[in-house]
Amino acid sequence: MSGTALFPAACSGVIPRRTSKGKASSVSVQSLQAFTSDPYVLELAETLEESLPSTTPLPLPLHNLRHASSQSLLSTRWPSRRDEPFRFTDLSFIRQSRIVPVPHPSPASLTTASPFPRSLRRPPLRPLLPLSPQRLSHLLSQSHPRHDLFWSLNGIAAPDVTLIHVPPNCHVDTPIHLHYTPPHATTTTTSSSASNTMHLSNPRVLVVVEKGAHVEIIEEFSKANDDDENESSYWSNAAFEAVIGEGASLTHSYIQTQSFRAAHIKWTSVRQEASSSYKLTEVSSGGKLGRHNLHIQQLGPDTVTELSTLQLSVADQTQDLHSSLVLDHPRGYSRQLHKCIVTHSQGQAVFDGNIKVNRYAQQTDAGQLTRSLLLEPRATVNVKPNLQIVADDVKCSHGAAISDLEQSQLLYFQARGIDIETARRVLIFAFGGEVIDKFPYSSIREKVRSQIKNLLDPSSDSSSF
Amino acid sequence: MALSLPTHCSPTVAPLRRSPKPTLRRVNRRVCVASGGSPLLQVNDLRAKIVESNVEILHGVNLTVNQGEVHAIMGKNGSGKSTFAKVLVGHPDYEVTGGSVVFKGEDLLEMEPEERSLAGLFMSFQSPVEIPGVSNDEFLVMAYNARRKKLGLPELGPLECFSYLMEKLELVNMKPDFLNRNVNEGFSGGERKRNEILQLAVLGADLAILDEIDSGLDVDALRDVANAVHRILTPEKSLLMITHYRRILDLLNPTHVHVMDKGKIARTGDLSIVEAIEADGYETVSALT
Numbered sequence: 001m002s003g004t005a006l007f008p009a010a011c012s013g014v015i016p017r018r019t020s021k022g023k024a025s026s027v028s029v030q031s032l033q034a035f036t037s038d039p040y041v042l043e044l045a046e047t048l049e050e051s052l053p054s055t056t057p058l059p060l061p062l063h064n065l066r067h068a069s070s071q072s073l074l075s076t077r078w079p080s081r082r083d084e085p086f087r088f089t090d091l092s093f094i095r096q097s098r099i100v101p102v103p104h105p106s107p108a109s110l111t112t113a114s115p116f117p118r119s120l121r122r123p124p125l126r127p128l129l130p131l132s133p134q135r136l137s138h139l140l141s142q143s144h145p146r147h148d149l150f151w152s153l154n155g156i157a158a159p160d161v162t163l164i165h166v167p168p169n170c171h172v173d174t175p176i177h178l179h180y181t182p183p184h185a186t187t188t189t190t191s192s193s194a195s196n197t198m199h200l201s202n203p204r205v206l207v208v209v210e211k212g213a214h215v216e217i218i219e220e221f222s223k224a225n226d227d228d229e230n231e232s233s234y235w236s237n238a239a240f241e242a243v244i245g246e247g248a249s250l251t252h253s254y255i256q257t258q259s260f261r262a263a264h265i266k267w268t269s270v271r272q273e274a275s276s277s278y279k280l281t282e283v284s285s286g287g288k289l290g291r292h293n294l295h296i297q298q299l300g301p302d303t304v305t306e307l308s309t310l311q312l313s314v315a316d317q318t319q320d321l322h323s324s325l326v327l328d329h330p331r332g333y334s335r336q337l338h339k340c341i342v343t344h345s346q347g348q349a350v351f352d353g354n355i356k357v358n359r360y361a362q363q364t365d366a367g368q369l370t371r372s373l374l375l376e377p378r379a380t381v382n383v384k385p386n387l388q389i390v391a392d393d394v395k396c397s398h399g400a401a402i403s404d405l406e407q408s409q410l411l412y413f414q415a416r417g418i419d420i421e422t423a424r425r426v427l428i429f430a431f432g433g434e435v436i437d438k439f440p441y442s443s444i445r446e447k448v449r450s451q452i453k454n455l456l457d458p459s460s461d462s463s464s465f
Numbered sequence: 001m002a003l004s005l006p007t008h009c010s011p012t013v014a015p016l017r018r019s020p021k022p023t024l025r026r027v028n029r030r031v032c033v034a035s036g037g038s039p040l041l042q043v044n045d046l047r048a049k050i051v052e053s054n055v056e057i058l059h060g061v062n063l064t065v066n067q068g069e070v071h072a073i074m075g076k077n078g079s080g081k082s083t084f085a086k087v088l089v090g091h092p093d094y095e096v097t098g099g100s101v102v103f104k105g106e107d108l109l110e111m112e113p114e115e116r117s118l119a120g121l122f123m124s125f126q127s128p129v130e131i132p133g134v135s136n137d138e139f140l141v142m143a144y145n146a147r148r149k150k151l152g153l154p155e156l157g158p159l160e161c162f163s164y165l166m167e168k169l170e171l172v173n174m175k176p177d178f179l180n181r182n183v184n185e186g187f188s189g190g191e192r193k194r195n196e197i198l199q200l201a202v203l204g205a206d207l208a209i210l211d212e213i214d215s216g217l218d219v220d221a222l223r224d225v226a227n228a229v230h231r232i233l234t235p236e237k238s239l240l241m242i243t244h245y246r247r248i249l250d251l252l253n254p255t256h257v258h259v260m261d262k263g264k265i266a267r268t269g270d271l272s273i274v275e276a277i278e279a280d281g282y283e284t285v286s287a288l289t
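Residue numbers (full-length UniProt numbering), protein chains in the order written: chain A, 1 to 465; chain B, 1 to 289.
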């Protein structure tokens, strides 16, 4: 426990949390315009930069991150439905809104069980080794393979970076809980809460799990407590990056229950060194748009990657998972389970799951399964599970199933005296339960179970609404 | 517990027929009770087809089961035995095209499958479906509460049901961890059959239809199942079993044995029919009308 450092700012422990300030002075909008064809993106970038409080000197890692991100934005367009990654995902409601950046990141409250905060307050026995600015900079600013707009927007607009650094062989046995509440929460009374205004936040987290270490992280994006009507409109553009060292492991839980008028766009980018393990369990049910971009890059052999996702569309909303897993080394093991439930005629789910088994990734064992339940006429799902295999000695499987509930299962309930509505409810819930059961903590499982139960059957218990 | 059933048969007189295997016969005393029973199930000229292919499978089945009687239906593969059972519980794959079924004085065909169950009709599935994500105890509690609700009794929480479930579990000779497993998921053939009987034990029934409950069971498991059925069904309850094998008939001692052929009941008699079938085959026995 004592060896774990947790810094709210990327630069170092001496900079107080959320006070690292500065403007990326190297970027000027005038010079950008000469290279770009999308004025809207530039305008947005300018708004974001102006919103950042200016303080010098800007820590090196943040400076480099912003520089790289603004360079990338020069050649990035706002995506349209003609772009393959956004073919089924409508972003126009964001574009039509007036974007008001929140000058500080959404308040991510950090909670852990009792032993952990002690190590924050009291210096541990041996001096902590904060990552050097150069190494941090290297970890943060590596340009992303996809040059994604939202990744770069987060890069220029993140006011600071929450760093979770787990030193070698340190096992953190209580989970670190990152709780994000909506960015508008503090500014609801201002005139800017007009109907077409979206408050934008860009929280960013970097997790470095050193060789042989282990940590469990829970990321929770919820709606505001007072968001009774589910009415608030905001845009959460979060980025989560993790580097998992040799033999290290990261267990990642991600729960998204934001407002039905919100846009939730999230990047998770993970690099896995040899013999490392990454396990992600995701349940997403909130947002008018929930988009998760998940990218996992294998950096060494014998990695274990397990991804389990449940998406729920119970309103006029889109849940979208774009995942890519790139295997470049031998004997990787991966399992991906994607499930979605669409219970609304205007609800939609999108899944594009790509697994690349490249030339040197021999003896890879990769499995991918996507299953969708469409419970209303015109409910839509677009799934594209895809495996690209170059190596010749591999075991790979993938499958996709889209269905209503099984008639034979419904009859089994009825034949035992259980009415069909109850049977349907239980079966729908059980379908999602397979993913919920993978959360490593019973408290999280119970919480998510009751959230999902309420969404599927609002009459059962309205306490959480 | 309002729905709990007596776990032992009340002693009555000896069975009417002599039996070649007297072991269980000694506890099977339902036979004389049966003789004066009132009609429980009356099937008259029942015709049914497969919805998807429009093929008619049942061509006019007639059968009456009185209270306390034990019936067995035998017949070669494809003769319509299982279809008959499925039509009785309201399987949506089949459509009734003619005839009537009266159960406890009510039109069974007008009822939804769950209403049939709540009215006291139970069928054990030949191949029970797996239900991932739903645990056995959750399922049993749900079904048990549906029954309690029907009887106007308050529903019980999982903990309140626990001792009741444990008692029934013992009846089918299963370990308690059986309750934590998902319904039929990864069950062996024998476990599935026992699970069906466990459900029968928990829910009770006025008429239990056991569709090939004996197939895939070893000798010991079959004895367990037969014992459990004996203890679950008091002399007033009725049993209709579908089987290919003589062993379970010797254990459960039917009062009536029917031979089904080409979607009809071709012959009815007592256990002596079984001997004729074993000697001459279904073709010959069915032809002897």
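None of these hints come from the bench; they were simulated from the model. Ideal Cβ positions, reconstructed from N, Cα and C, are used throughout, including at glycine. The reader is advised that the hints may include incorrect statements.
[What the hints assert, rightly or not] EDC-like, lysine to aspartate or glutamate: derived pairs with alpha carbons at most 20 Å apart:
1) A:K279 to A:E246
2) B:K149 to A:E421
3) B:K149 to A:D419
[Unchecked claim] Derived, one-sided and incomplete: chain A residues facing chain B with beta-carbon distance under 10 Å:
4) A415
5) A423
6) G432
7) G433
8) E434
Against the structure, the hints:
no. : hint             : verdict
1   : A:K279 to A:E246 : holds (15 Å)
2   : B:K149 to A:E421 : holds (15 Å)
3   : B:K149 to A:D419 : holds (12 Å)
4   : A415             : holds (5 Å)
5   : A423             : holds (8 Å)
6   : G432             : holds (8 Å)
7   : G433             : holds (4 Å)
8   : E434             : holds (6 Å)
Going through the hint list in order, the structure satisfies each hint without exception.
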